[in-house]
Structure formats: C-alpha cells, structure tokens
Amino acid sequence: DGGITQSPKYLFRKEGQNVTLSCEQNLNHDAMYWYRQDPGQGLRLIYYSQIVNDFQKGDIAEGYSVSREKKESFPLTVTSAQKNPTAFYLCASTHAGTGNYGYTFGSGTRLTVV
Amino acid sequence: SQQGEEDPQALSIQEGENATMNCSYKTSINNLQWYRQNSGRGLVHLILIRSNEREKHSGRLRVTLDTSKKSSSLLITASRAADTASYFCATDMNRGSTLGRLYFGRGTQLTVWP
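Protein sequences appear in the order of chains A and B.
Take the first sequence: its position 97, counted from the start at 1, is 97 in this note's numbering, and no numbers get skipped.
Take the second sequence: its position 18, counted from the start at 1, is 18 in this note's numbering, and no numbers get skipped.
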C-alpha cells in the first residue's frame with residue numbers, strides 16, 4: 001500500500017547535537033512538507049519542497065535544514081541552533097499542481113531534548 | 001501567522017448527537033480543507049471544499065463554506081465515541097502558483113462520550 005513513513009517514532013537529543021528525522025513516501029507525490037506541532041498549537045511549516053533539489057523555507061525554518069535528493073525522500077535535520085526543538089514533527093506530501101489535493105501525513109516523530 | 005482559527009477550542013457531546021465546528025480565516029483562499037488527528041498520530045485528510053463550492057458531503061460529514069464571511073463549518077452527524085479526536089481546518093491561499101501550502105488553525109478537540 002502507498003503511504004508516507006516517518007522514522008523514528010521517538011527521538012531523544014542531547015544539547016548541542018544534530019539529529020535527522022526521516023520521511024519517505026511511495027505515493028509518487030511531487031511536493032513534500034515538514035510541520036512542527038506544539039501542545040495547544042496548530043501546525044507550523046518548517047520547510048517544503050516541490051521538486052527534487054529544490055526547497056523553500058516555511059515560517060519557522062531557523063535551526064532546521066532539509067535536502068531533497070530523491071523524489072521519495074525529504075529528511076529534516078534539527079541542528080544545535082534550534083534552541084527549543086522538543087515538539088512533534090509531521091511530514092506530509094501531496095501532488096503538485098493547482099493545489100486542489102489534500103495532504104497525506106506520516107505518523108510523526110516526537111523529539112525530546114534530554 | 002495563523003490563517004484559520006477553529007471554534008470552539010473544545011467540544012464535548014454524547015454519542016448520537018451532532019457536532020459542529022467552525023473555522024474562520026482572513027484572506028482569500030483557493031480551497032479549505034478539514035483534517036482529523038487522533039492523539040499522538042498524524043493528520044488524516046477528511047474533505048476539501050473549493051472556493052467556488054458552498055457545501056460538500058462525505059458520509060456523516062457535511063462541510064459548508066461562506067466566502068463572503070470567510071468562514072467554514074464541519075458538521076459530524078450521529079457522532080460516535082470513535083470520532084473523538086482533534087479537528088483542524090487548513091486554508092490554501094495558493095494564488096495561481098503551482099505549489100499550494102496550507103495554513104492550519106489550532107484545532108477543535110472533540111470528545112464524544114458513550
């Protein structure tokens with residue numbers, strides 16, 4: 001079955017450490033997104049990508065980095081510059097085009113700073 | 001900045017009752033979408049309504065859109081305990097570009113008691 005897979009489900013980061021969250025989809029979607037969700041908050045966009053080797057900053061890109069070397073994969077690195085990384089991270093994908101498609105979300109990665 | 005805002009923040013009802021959630025937004029949209037999120041999980045796309053549509057149905061879901069008031073409502077009829085979840089509206093302000101990005105509200109937490 002087609003879908004979008006995020007790993008790991010839980011991740012612990014030490015102070016000053018970079019960590020990478022994985023997002024893989026086999027839906028043949030062109031566009032991929034990373035969102036951050038904090039308790040009681042909506043989803044905030046970190047980065048998004050429409051095509052391979054191209055991506056744009058979202059609303060809260062500082063302290064994060066991404067790559068899009070393959071259509072299927074859009075990993076997110078949380079760098080040591082991100083001062084408050086504890087959150088629930090969600091990856092999503094959709095068809096590119098006129099925007100009349102819903103997003104498919106992964107099951108999320110919960111990142112905790114220890 | 002947040003584009004969509006849901007109301008109420010929390011809603012508690014008995015099984016069999018109808019649940020109505022509202023969403024208001026600020027600027028012109030291409031479409032508006034509703035998503036559901038079970039605790040600790042990813043979001044699931046429920047329904048998309050385009051700016052030139054006024055009402056859509058999907059099973060027990062009914063969505064309305066009033067672009068003059070910049071508002072939408074999600075009605076869940078004959079609710080079940082399994083409908084307990086957070087519900088988010090998301091607006092696509094894509095203005096003709098080939099990539100739509102969604103703006104999410106903070107969500108309505110729906111609890112359905114058996």
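Any given hint could turn out to be false.
The calculated BS3-like cross-link candidates involving lysine-lysine, where the alpha carbons are at most 30 Å apart (straight line), are [stated by the list, open to error]: (1) A:71 to A:57; (2) B:70 to A:70; (3) A:9 to A:57; (4) B:56 to B:69; (5) B:56 to A:57; (6) A:57 to A:14.
What the simulated footprint calls covered on chain B by chain A, stretch by stretch (three residues with Cβ under 8 Å from a Cβ of chain A suffice, anywhere in the stretch; the number is not a length) [as the list claims (entries may be wrong)]: (7) 39-50; (8) 70-81; (9) 104-114.
Read the hints as simulated data drawn from the structure, not as lab findings.
These figures come from a predicted structure and were not determined experimentally.
All C-beta atoms in this analysis are idealised placements derived from N, C-alpha and C, irrespective of residue type, glycine included.
Here is what the structure says about each hint:
{"no.": "1", "hint": "A:71 to A:57", "verdict": "holds (18 Å)"}
{"no.": "2", "hint": "B:70 to A:70", "verdict": "violated (38 Å)"}
{"no.": "3", "hint": "A:9 to A:57", "verdict": "holds (24 Å)"}
{"no.": "4", "hint": "B:56 to B:69", "verdict": "holds (18 Å)"}
{"no.": "5", "hint": "B:56 to A:57", "verdict": "violated (33 Å)"}
{"no.": "6", "hint": "A:57 to A:14", "verdict": "holds (25 Å)"}
{"no.": "7", "hint": "39-50", "verdict": "holds (count 8)"}
{"no.": "8", "hint": "70-81", "verdict": "violated (count 0)"}
{"no.": "9", "hint": "104-114", "verdict": "holds (count 4)"}
This entry does not satisfy hints 2, 5, 8, going by the numbered hints stated previously.
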